[in-house]
Structures are given as structure tokens and as C-alpha cells.
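There are 4 protein chains.
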Amino acid sequence: MNNKKFTILGGDLRNVKLANLIAQEGNSVNIYGFKNAGFELGMDECPDLKDAIDDSDVIIGPIPCSNDNETINAQFNPDKIYIHDIFKIMNKNQLFIAGRISDKIAQLAQVCNVYSIDILQREEMAILNTIPTAEGAIQIAMEELPITLHDSDVLILGYGRIGKILAKMLNGIGANVYAEARKHSDLASIRSFGYNPVNINELSNFLHKMDVIINTIPSIVLGQDMLNLVRKDCLIIDLASKPGGVDFEKAKLLGLKAIWALSLPGKVAPVTAAKFIKDTVYNIIDELGV
Amino acid sequence: MNNKKFTILGGDLRNVKLANLIAQEGNSVNIYGFKNAGFELGMDECPDLKDAIDDSDVIIGPIPCSNDNETINAQFNPDKIYIHDIFKIMNKNQLFIAGRISDKIAQLAQVCNVYSIDILQREEMAILNTIPTAEGAIQIAMEELPITLHDSDVLILGYGRIGKILAKMLNGIGANVYAEARKHSDLASIRSFGYNPVNINELSNFLHKMDVIINTIPSIVLGQDMLNLVRKDCLIIDLASKPGGVDFEKAKLLGLKAIWALSLPGKVAPVTAAKFIKDTVYNIIDELGV
Amino acid sequence: MNNKKFTILGGDLRNVKLANLIAQEGNSVNIYGFKNAGFELGMDECPDLKDAIDDSDVIIGPIPCSNDNETINAQFNPDKIYIHDIFKIMNKNQLFIAGRISDKIAQLAQVCNVYSIDILQREEMAILNTIPTAEGAIQIAMEELPITLHDSDVLILGYGRIGKILAKMLNGIGANVYAEARKHSDLASIRSFGYNPVNINELSNFLHKMDVIINTIPSIVLGQDMLNLVRKDCLIIDLASKPGGVDFEKAKLLGLKAIWALSLPGKVAPVTAAKFIKDTVYNIIDELGV
Amino acid sequence: MNNKKFTILGGDLRNVKLANLIAQEGNSVNIYGFKNAGFELGMDECPDLKDAIDDSDVIIGPIPCSNDNETINAQFNPDKIYIHDIFKIMNKNQLFIAGRISDKIAQLAQVCNVYSIDILQREEMAILNTIPTAEGAIQIAMEELPITLHDSDVLILGYGRIGKILAKMLNGIGANVYAEARKHSDLASIRSFGYNPVNINELSNFLHKMDVIINTIPSIVLGQDMLNLVRKDCLIIDLASKPGGVDFEKAKLLGLKAIWALSLPGKVAPVTAAKFIKDTVYNIIDELGV
Numbered sequence: 052m053n054n055k056k057f058t059i060l061g062g063d064l065r066n067v068k069l070a071n072l073i074a075q076e077g078n079s080v081n082i083y084g085f086k087n088a089g090f091e092l093g094m095d096e097c098p099d100l101k102d103a104i105d106d107s108d109v110i111i112g113p114i115p116c117s118n119d120n121e122t123i124n125a126q127f128n129p130d131k132i133y134i135h136d137i138f139k140i141m142n143k144n145q146l147f148i149a150g151r152i153s154d155k156i157a158q159l160a161q162v163c164n165v166y167s168i169d170i171l172q173r174e175e176m177a178i179l180n181t182i183p184t185a186e187g188a189i190q191i192a193m194e195e196l197p198i199t200l201h202d203s204d205v206l207i208l209g210y211g212r213i214g215k216i217l218a219k220m221l222n223g224i225g226a227n228v229y230a231e232a233r234k235h236s237d238l239a240s241i242r243s244f245g246y247n248p249v250n251i252n253e254l255s256n257f258l259h260k261m262d263v264i265i266n267t268i269p270s271i272v273l274g275q276d277m278l279n280l281v282r283k284d285c286l287i288i289d290l291a292s293k294p295g296g297v298d299f300e301k302a303k304l305l306g307l308k309a310i311w312a313l314s315l316p317g318k319v320a321p322v323t324a325a326k327f328i329k330d331t332v333y334n335i336i337d338e339l340g341v
Numbered sequence: 052m053n054n055k056k057f058t059i060l061g062g063d064l065r066n067v068k069l070a071n072l073i074a075q076e077g078n079s080v081n082i083y084g085f086k087n088a089g090f091e092l093g094m095d096e097c098p099d100l101k102d103a104i105d106d107s108d109v110i111i112g113p114i115p116c117s118n119d120n121e122t123i124n125a126q127f128n129p130d131k132i133y134i135h136d137i138f139k140i141m142n143k144n145q146l147f148i149a150g151r152i153s154d155k156i157a158q159l160a161q162v163c164n165v166y167s168i169d170i171l172q173r174e175e176m177a178i179l180n181t182i183p184t185a186e187g188a189i190q191i192a193m194e195e196l197p198i199t200l201h202d203s204d205v206l207i208l209g210y211g212r213i214g215k216i217l218a219k220m221l222n223g224i225g226a227n228v229y230a231e232a233r234k235h236s237d238l239a240s241i242r243s244f245g246y247n248p249v250n251i252n253e254l255s256n257f258l259h260k261m262d263v264i265i266n267t268i269p270s271i272v273l274g275q276d277m278l279n280l281v282r283k284d285c286l287i288i289d290l291a292s293k294p295g296g297v298d299f300e301k302a303k304l305l306g307l308k309a310i311w312a313l314s315l316p317g318k319v320a321p322v323t324a325a326k327f328i329k330d331t332v333y334n335i336i337d338e339l340g341v
Numbered sequence: 052m053n054n055k056k057f058t059i060l061g062g063d064l065r066n067v068k069l070a071n072l073i074a075q076e077g078n079s080v081n082i083y084g085f086k087n088a089g090f091e092l093g094m095d096e097c098p099d100l101k102d103a104i105d106d107s108d109v110i111i112g113p114i115p116c117s118n119d120n121e122t123i124n125a126q127f128n129p130d131k132i133y134i135h136d137i138f139k140i141m142n143k144n145q146l147f148i149a150g151r152i153s154d155k156i157a158q159l160a161q162v163c164n165v166y167s168i169d170i171l172q173r174e175e176m177a178i179l180n181t182i183p184t185a186e187g188a189i190q191i192a193m194e195e196l197p198i199t200l201h202d203s204d205v206l207i208l209g210y211g212r213i214g215k216i217l218a219k220m221l222n223g224i225g226a227n228v229y230a231e232a233r234k235h236s237d238l239a240s241i242r243s244f245g246y247n248p249v250n251i252n253e254l255s256n257f258l259h260k261m262d263v264i265i266n267t268i269p270s271i272v273l274g275q276d277m278l279n280l281v282r283k284d285c286l287i288i289d290l291a292s293k294p295g296g297v298d299f300e301k302a303k304l305l306g307l308k309a310i311w312a313l314s315l316p317g318k319v320a321p322v323t324a325a326k327f328i329k330d331t332v333y334n335i336i337d338e339l340g341v
Numbered sequence: 052m053n054n055k056k057f058t059i060l061g062g063d064l065r066n067v068k069l070a071n072l073i074a075q076e077g078n079s080v081n082i083y084g085f086k087n088a089g090f091e092l093g094m095d096e097c098p099d100l101k102d103a104i105d106d107s108d109v110i111i112g113p114i115p116c117s118n119d120n121e122t123i124n125a126q127f128n129p130d131k132i133y134i135h136d137i138f139k140i141m142n143k144n145q146l147f148i149a150g151r152i153s154d155k156i157a158q159l160a161q162v163c164n165v166y167s168i169d170i171l172q173r174e175e176m177a178i179l180n181t182i183p184t185a186e187g188a189i190q191i192a193m194e195e196l197p198i199t200l201h202d203s204d205v206l207i208l209g210y211g212r213i214g215k216i217l218a219k220m221l222n223g224i225g226a227n228v229y230a231e232a233r234k235h236s237d238l239a240s241i242r243s244f245g246y247n248p249v250n251i252n253e254l255s256n257f258l259h260k261m262d263v264i265i266n267t268i269p270s271i272v273l274g275q276d277m278l279n280l281v282r283k284d285c286l287i288i289d290l291a292s293k294p295g296g297v298d299f300e301k302a303k304l305l306g307l308k309a310i311w312a313l314s315l316p317g318k319v320a321p322v323t324a325a326k327f328i329k330d331t332v333y334n335i336i337d338e339l340g341v
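Protein chains in written order, with my numbering: chain A, 52 to 341; chain B, 52 to 341; chain C, 52 to 341; chain D, 52 to 341.
A hint or two may mislead.
A pair counts as met if it fits within one copy or between any two copies, since identical chains are not told apart.
Computed list of lysine-lysine pairs in DSS-like fashion (alpha-carbon distance at most 27 Å, straight line) [to be verified]:
id : residue 1 : residue 2
1  : K303      : K234
2  : K326      : K219
3  : K155      : K234
4  : K293      : K308
Bear in mind the hints are in silico, worked out from the structure with no lab data behind them.
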């Protein structure tokens with residue numbers, strides 16, 4: 052990739068790191084929306100939005116982009132930054148990349164003739180994010196448990212992207228890994244990797260044995276009946292986005308410790324997360340031939 | 052699963068082992084088509100085909116089923132066994148399972164009102180078979196190379212079902228594993244598992260470094276231009292079914308050692324292969340509620 | 052092992068768990084020295100020391116046994132428990148097991164005709180304790196670093212008991228593991244396990260590359276000259292007992308983050324630590340034929 | 052290491068490869084004793100012994116050095132090469148390195164004022180050689196067994212240098228690894244690495260379960276009583292040097308398949324073995340400051 056001009060707009064610590072990483076590789080980088088950061092950014096903030104955007108090739112917004120569909124998330128900025136203002140300045144040769152671009156924002160982009168891409172829709176981004184997610188889950192388990200993960204019995208619910216890397220890492224530390232799945236082919240895959248396959252139909256036979264249960268399925272797997280079978284000293288970690296896979300109220304009533312751990316990459320490893328964003332941005336640019 | 056009556060018809064050593072495994076679990080098993088086996092079968096052959104099939108729930112044929120669409124593969128039998136004869140005896144409550152059931156045989160089954168299932172179409176069977184396939188490839192590499200796989204540079208072409216388990220096993224022995232893929236998401240997955248990702252666009256930069264190259268892609272990846280870049284002491288193993296991924300003639304002209312290794316499960320681990328057939332047959336029966 | 056009578060005297064949470072584990076296996080257990088525990092012990096405290104000890108086969112004290120050579124460590128007890136009182140009550144058929152029994156306490160035991168064993172001198176105990184120690188170090192690294200351990204460069208100083216299991220676990224999570232050693236045979240062993248060997252003579256060439264450095268050698272390896280070569284964003288964890296392997300004052304002056312992490316098993320995994328104590332106690336009893 | 056002058060005298064394929072490896076790194080290399088090799092050596096043989104040795108720094112003989120204490124092993128040479136002739140030519144500033152130097156040869160060296168070193172006494176050489184040894188054992192198991200090593204039960208007798216790397220590699224392929232040891236500390240180490248520990252006292256309880264048993268202990272572990280407990284379809288591989296650990300006659304009488312596999316590095320991976328010899332020779336030179 053030849054060097055490009057980038058603009059980083061708002062976002063959290065990941066976008067600060069992202070700006071530094073991109074600049075280190077010889078690209079020109081403008082930043083805007085970090086006035087209150089209160090720590091050294093490594094570069095100067097542009098004085099105004101138009102200057103920041105004007106001669107840039109790629110404008111990178113926050114992940115997620117916005118909570119109100121009007122302003123971008125910019126936790127380090129005292130003033131609001133309106134999406135509409137950004138899109139008005141941008142021209143059709145520029146690229147807008149951000150995370151979780153809502154239908155409303157996407158429509159606005161179209162109206163303004165702005166080419167926008169949701170980075171969280173990129174498959175490689177989702178896969179790379181499983182790495183800090185899995186490490187974050189392991190860190191939580193280590194912090195919460197009075198036992199080692201080594202030689203503990205850990206059940207992973209769901210054998211998708213996160214389940215696969217979690218199983219590998221837990222096995223690598225020395226845990227006895229059980230992975231639940233519904234399809235015979237997934238169960239065969241679990242078996243081929245040397246983990247203990249748990250057919251969802253036989254889930255109830257395994258719950259009592261577990262020291263840790265980590266859910267990755269975004270629909271209730273651990274409802275009251277299943278939770279009744281879980282030991283009181285078992286730790287439950289739910290990594291699934293809403294509605295999650297655990298009935299947390301019931302878990303609380305039963306005296307079970309259940310933790311809903313979301314958005315781990317930005318929390319446990321912002322620098323690594325920024326690197327993965329950078330790699331994915333570069334892939335997008337390569338594919339588009341920007 | 053409740054005990055059932057099975058008939059095993061013809062096939063190779065795997066079907067002999069399969070008959071034993073199924074019988075050991077308390078099922079009733081008839082065998083037919085092993086007259087010349089010349090070794091102890093562990094049970095008696097039925098005197099005639101009708102007796103063998105009549106009161107059976109499930110009839111299991113060879114893998115692959117037939118080479119001529121008329122008779123089943125039965126290497127241990129002096130006489131031909133006609134598929135049509137089998138289907139005439141069978142009734143509509145019986146199940147016929149075999150491997151690679153051709154369109155012609157499938158049509159015949161329909162005409163004869165026989166419910167037939169191709170076990171090689173089962174996803175879990177394909178996944179389980181990657182285990183002996185990967186081990187077989189490793190065995191070949193060990194036999195052919197004057198170096199250890201430990202600390203050798205091994206490139207896997209294709210990161211599908213076989214590629215994934217091969218990468219895991221080779222890494223487990225201590226090889227430096229490189230895996231080639233086309234999609235960014237596969238390359239991310241390779242990276243997350245700690246192997247060296249090789250974008251297909253950059254394949255030519257990596258070939259010279261390799262001690263072993265194992266192809267899993269069923270279309271020519273290693274044509275003349277690529278083969279020119281391979282070292283003379285590099286071993287090439289092609290696991291892909293026809294047309295394979297290696298131009299073998301060109302490889303020979305260049306003095307490269309290239310081995311096309313097909314049907315490894317039945318060759319390197321017939322007993323394990325039989326076990327996987329059994330497990331898949333049981334899954335089929337469970338799903339159908341036979 | 053036939054069932055025995057045990058007395059658990061003072062100590063920390065590990066001794067509470069130990070008492071429960073031993074009782075669960077059908078042994079009779081007296082406890083003494085936990086009056087202020089403030090949580091459910093799972094059994095009743097003996098009213099006085101003599102009753103607690105009198106008809107017991109094995110008396111297990113704290114790990115470490117004492118800080119003053121006069122009283123045992125008993126953090127959950129309001130009153131002091133004198134070692135001399137314990138030894139006066141014990142008879143020569145009873146066994147006293149505790150951790151870090153000083154020369155002075157050992158002499159006192161001899162004078163009182165008490166057979167005493169220092170459990171921390173047991174090789175298997177030292178090896179088992181490397182498991183929670185390694186996990187504790189990994190937990191600290193995960194908590195402190197803004198990057199994932201996956202794909203980070205981690206240098207382990209020393210390839211003894213702790214170094215070996217640390218290397219295995221870190222590799223299992225996906226870190227790039229470097230292990231330093233002095234002897235050619237250790238370097239060969241590091242190489243055989245697939246880690247990157249670092250000859251101590253070449254240590255200075257590797258320091259700059261590292262994201263994490265974990266020391267296991269109990270003598271200064273990272274003095275000022277070496278610390279000068281460490282990156283500011285590198286995390287240093289010292290697992291070595293006094294005097295440790297890091298010049299912490301110099302590290303602080305240089306703005307480096309260095310953490311001296313001692314006694315991790317009891318802190319990060321008291322229940323597992325208790326299990327390892329139990330296993331070692333049983334080994335001692337088996338060997339002595341008590 | 053500065054470039055040196057080397058002489059390679061006789062030996063097997065490993066010494067041919069060794070000569071090439073050393074020459075490739077810019078050293079000057081004379082070879083002698085390969086007249087009948089019948090394949091391209093990559094360099095010319097010296098016409099006579101004196102020329103080959105005269106201005107060399109290091110003379111490397113065969114591994115093992117000799118079978119008769121008079122001539123060196125030189126399978127590619129038509130004429131005998133006498134050790135006494137070599138030592139007479141050598142001066143006291145030259146170094147003689149070979150494998151298994153007997154007392155008699157060592158004495159002769161002393162008499163002739165020749166500094167000799169037995170490379171097989173080097174600890175790092177022994178450790179590096181465990182790599183091809185372990186791979187060789189795995190290759191044999193793959194060739195002999197009709198099952199995959201994946202998910203098979205493999206028992207390793209002895210947890211020394213070979214046992215440790217064998218356990219790692221077998222686990223890496225997916226075998227269920229059991230390792231036998233006598234000492235509690237070794238059993239703890241086995242447990243910490245996630246293998247199944249087998250106390251030698253309980254060996255008889257485990258034998259029946261095994262698909263493969265690999266011995267590394269050089270004294271009879273599998274005598275008649277133990278062999279009686281081994282299944283008929285179990286494969287026994289003995290890696291221990293004389294007297295070995297298996298009563299082969301009794302095994303044969305019982306119809307068990309037992310293979311005594313010695314000197315695997317030179318057989319299964321001569322090129323890698325040559326590389327390990329080279330590395331060890333360099334270590335020797337570094338230490339001596341030749």
C-alpha cells in the first residue's frame with residue numbers, strides 16, 4: 052500500500068493508538084475530537100473539522116460510530132461532532148470507515164454521496180477480535196476463581212469464532228475443555244481438536260461437573276432449569292451480545308456468580324485492538340484500490 | 052440408541068472392522084461378501100444375500116459403493132454382488148447406507164423404493180476423516196524426508212477442513228507452519244491460531260523457503276511457474292481429489308518429489324476409519340429415528 | 052491410604068480449604084486457630100489446643116510456619132499459638148508438617164522429640180506450586196498490559212521449574228516465547244520444545260524486542276545496564292524470592308514498570324494450592340508408612 | 052566463531068551432510084574416507100590422510116567412532132583407516148571429536164598427545180537427539196498401527212529426556228498421553244504438563260488400556276508379568292539402549308508386537324542429525340576457544 056492521508060475522528064483510546072500506528076508507518080494523519088484527552092496524543096489535533104478532513108483519503112470514525120445517530124462517539128471531546136457536518140465536508144472520492152453504522156447513518160451517507168463502510172461487518176475484524184475477547188474471558192476467570200484454570204473443567208457454549216479460539220487458549224493453559232454444539236459436524240470438529248464434545252441434548256448431564264462455563268451464544272441457553280444444575284462455586288461468563296445466553300436474574304436468585312462481559316477488546320487490550328483495526332482498514336483500502 | 056439389526060455388505064477392511072465394532076455394542080450383525088477374506092472375520096458369513104438382508108434394519112455397503120454402477124465393491128468376494136439384487140430384496144422400512152452413491156445408483160434405489168444415504172455426503176464424516184488424512188500426510192513426510200518435521204518449514208495450501216487439522220498436528224510436533232489462504236477472514240483465522248498466514252498473492256515469495264508443501268485445494272495451485280520456485284529438496288504432498296493441485300508432470304521434469312496421496316483413512320488407519328463410519332451411521336439412525 | 056486423624060493448626064485460607072478437602076475424603080479432622088475467620092469454616096473449631104492435637108496422627112501447621120520462631124502464623128486467630136506449646140503436647144508417634152521450618156524450630160522439635168517435616172522442601176510440592184505461580188504471572192501480565200499476550204514477545208529469564216511451565220502456558224495462549232539460559236543443555240531443551248533460546252551472553256540483544264520479561268532467577272539479572280535496554284512499555288514481572296532478579300530502584304528511576312510477585316499460589320488459587328498441599332501430605336504419609 | 056579448518060573422517064551419511072553444512076558456513080573442509088560413497092559428496096576427497104589432517108584445526112571422526120578399537124567406522128571407504136595413523140599425524144594443537152570414544156581409544160589419544168572429545172557425552176547433543184528419536188518412534192507407531200495416534204492411549208515408560216519430548220509431540224498430535232515415573236516430583240511434573248501420571252507401583256492397572264507403549268528405561272520394565280497384561284493389539288516400541296526395557300522373547304511367545312528401535316536419529320533424519328552434530332561441535336570450539 053502506498054502512503055495515504057488519513058483522518059481519525061473521535062472514538063476511544065483505540066482510535067488514539069490507531070492514529071499513532073498509522074502515522075508510524077509513514078502515512079499522513081490528521082486527528083480531530085480528542086481535545087480533552089488529558090494525555091499525550093503523540094500528534095497535534097487539527098483546529099477545525101474542515102481542515103482535518105479536506106485533503107484526506109480515508110476518514111476513520113469511532114467504533115461504535117454513534118449512540119444517537121446524530122453525533123459521533125467522542126469521549127475525549129468537550130463539543131459534539133455532528134455526523135451530518137462530517138458528511139457535508141466529505142467528497143465522493145473519500146472513504147468513511149467506522150463501526151456499527153446504523154441504517155439511518157448509512158442513509159445519510161448515501162444522501163451526502165459519501166462512501167461508507169462498517170468495519171464491524173468485516174469478517175476478518177470479527178475473527179481478530181476473538182483474540183482479545185478470549186484473553187479477556189480468561190483474565191476474568193483467573194481473577195474470579197480461587198482455583199487454577201489448569202486442570203479445571205471449563206465448558207464453552209457454542210463453537211463458533213469465539214468458541215474455537217477460547218478452546219485453543221484454555222487448552223493451552225491446561226484446562227480440561229468441553230465444548231457444546233448442536234450440529235454433528237461441529238461436534239466432530241471439537242473431537243478432532245481433542246476437546247470433549249457436548250451435544251446440546253446432553254448438556255444437562257455436564258453442567259454439574261463444571262468449574263467455569265463461558266457462553267458465546269446470543270440466545271438464552273442457561274435458563275432456570277439449566278442454572279439449577281450448575282454448582283454454586285462455578286463461575287459463569289457470558290460473552291454473547293444482547294440478549295446474551297444467561298438468565299442473569301435467575302442466576303442471582305440461585306446465588307450463582309454470572310458476569311456479562313461485553314466489548315472486551317477495547318477494554319483489555321486497546322493497543323492490540325487498534326492494530327487489528329489498522330490491519331482491517333488496510334485490507335479495505337487494498338480491496339477498493341483507493 | 053436401542054440395539055438394531057445390521058447387515059454389512061462387501062467393502063474393504065474397514066467394513067470388516069465396522070461389523071465387529073457394531074456387534075461389540077450389542078447389535079445383531081449379518082455379514083455378506085467376505086468369502087475370500089483369508090483372515091478371521093470375527094463372525095460367520097451369511098450363506099445367501101436374502102438371508103443376510105431380510106430382517107435387518109440397516110444395510111451398509113462399501114465406501115465407495117461401486118465402480119461400475121452395477122456391482123458393489125467387494126474385494127474379499129469371489130462372486131459379483133449386484134446392486135439390483137440388493138435393492139430387490141430390501142423393503143421400504145430398511146435403510147441403505149454406502150459411500151459415493153452415484154446418480155445412477157440413487158435412481159435405481161428410488162425405483163426399487165429403497166431409502167439410500169451417501170455417508171460421504173455427511174459433514175461430520177468428512178471432518179472425522181481429516182484426522183487419519185492428516186496423520187497419513189505426516190507419516191509420508193516423516194518417511195520421505197531426511198530431516199525432522201520439528202523445526203522444518205511446512206506450507207499448507209488451503210485452510211479448509213483438512214488444512215485446519217493438519218496445521219494443528221504439524222504445530223503440535225514442532226513444525227513451523229505456514230498456511231495459505233485467499234480470504235482475509237481465513238488469513239485472520241490462521242493468525243489467531245498462531246500459524247504464519249500466507250496470502251495467495253504472495254505465495255511466490257514463500258515457496259523457496261519450504262521443506263514440505265502439502266496441498267489440499269482441488270485445482271492447480273502449483274503449476275510450472277510456482278514449481279520453478281520450489282527447492283529441489285522440498286517434498287510436495289497432494290491430498291486433493293481430482294484434478295489435484297499439483298502439475299505432476301512438470302514437477303517430475305523439474306526433478307521435484309511430488310506424491311499424490313489419496314484415500315488415506317482406509318490405508319493408514321482402517322480401524323479408526325471404521326469407528327468413524329460407525330459413529331456417523333449411528334448419527335444417521337438417531338436423526339431418522341429408524 | 053487408610054483414613055487418619057488430622058489436626059490443622061492456624062495458617063491462611065489454604066489451611067481452611069485443606070481441612071475441608073481432607074475431611075471430604077473420610078478422614079477425621081480437628082481444626083484450631085481459626086476463631087476470627089468470619090466465614091463458614093465447614094467444621095467446628097476445637098475448644099483447646101490439647102484436645103485438638105491429642106489423638107491425631109498428623110498435625111499440619113501453617114505455610115510458612117512462623118515469622119518469629121515462637122508463634123505460628125495464624126491470621127484468623129485473636130490469640131497467639133506458641134510452637135513450644137504444640138510440641139509439648141505432641142508425642143513421638145505424631146507427625147508435624149508445616150512450611151519453611153527454620154533451624155530454630157527444627158531444633159525445638161528435636162528437643163521435644165517431635166518428628167517434623169518441611170513441606171516446602173518437597174520437590175513435588177515445589178513443582179505443583181509452579182502451576183498457580185505461572186497462572187498468577189499470566190494474570191498479572193493480562194491485567195497490566197494494553198496488548199494481548201497472544202503474539203506478544205515474552206522473555207523468561209531462567210529455565211528451571213517455573214520457567215518450563217511458564218513457557219508452556221504462554222505458548223499455549225499464543226505468545227512468542229523466548230527463554231534465557233546459561234547452559235547449552237538448557238538451550239537445547241528450550242529449542243526442542245519450540246521456544247526461542249536466548250544464551251545469557253546474548254541477552255542484551257533481545258531485551259529491546261520484548262513486551263514482557265518474567266524473571267525466575269534469584270540473583271540480579273536485570274541490573275542498570277540491562278534495564279537501560281528495556282523498552283518503556285515493557286512489563287517486568289519478578290517471580291524470584293529474595294533478593295529477586297531485578298534492581299527495582301533503578302527500574303523505577305528509568306520509568307519502567309516492574310512488579311515483584313511473590314507467594315502467588317496462596318493469593319491467586321488458594322483452593323488449588325490446598326489440594327497440592329493435601330497431595331503432598333499424603334505422599335509423605337505413604338512414604339513414612341505412618 | 053571465526054572460520055576454521057575442519058577435517059571430516061569417515062562415518063555415515065551424517066558426516067557427509069556435516070561436511071557440507073560446515074563448508075556452507077564459510078569454513079574450509081577436508082574430507083577423507085568416502086571413496087565408495089557412490090553419490091555426489093559436494094566436495095572432493097583428499098588423496099591421502101596426511102594431507103587431509105595436516106593443517107586442520109578440528110578433526111571430526113565417526114559416530115560411533117569405532118567397533119574394533121583399531122579402525123574408524125567408515126562405511127563408504129574400501130580401505131581401513133587406522134586410528135593410530137590418525138593420531139600419529141595429529142599434533143597437540145588439533146582437536147579430535149568423535150562419538151563413543153572407548154577407554155582404549157582415549158588412552159591411545161593420550162599416549163599420542165591428542166586432545167579428544169566424545170560428542171555423545173555432551174548433554175546438549177543428547178537432548179537434541181531426542182527430537183529425531185521421538186519423531187522416529189512416532190513414525191514407527193504410525194506405520195505399524197491400524198489406528199490413528201489421535202485419540203489413542205499411549206504410555207511412555209520413563210520421564211527423562213526422551214520421555215519429555217515424546218510426551219509433548221504425542222500430545223501435539225492428539226494422543227492421550229500417559230507417562231510412567233517412580234519419583235513423586237516426576238509425577239508432579241507430568242501432571243503439570245497435562246499428561247496422565249502413572250506411578251510405577253500402579254503400572255499394572257494401566258497396561259491393559261494402552262494402544263501403544265514406548266519404553267525409554269534401560270532396564271527390564273516389561274517382563275513376563277507385565278507383558279501378560281498388555282493387549283494383543285498393543286504396539287510396544289523400545290527406545291532404550293542395551294539391555295532395553297522389554298523381554299522380547301517373552302513378548303514374542305505371547306504374540307505381542309515389540310520393536311527395538313535404536314539409533315533413530317541417523318536413520319530417520321540424517322540431515323537434522325548432522326545439523327545437531329555441527330551445533331555441538333561449534334559449542335565445543337567456543338568453550339575451548341580453539
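Verification of the supplied hints:
| no. | hint | verdict |
| --- | --- | --- |
| 1 | K303 x K234 | neither (31 Å within a copy, 43 Å between copies) |
| 2 | K326 x K219 | both (22 Å within a copy, 25 Å between copies) |
| 3 | K155 x K234 | neither (36 Å within a copy, 30 Å between copies) |
| 4 | K293 x K308 | within (19 Å within a copy, 38 Å between copies) |
Checked against the numbered hints above, the structure violates hints 1 and 3; every other hint is satisfied.
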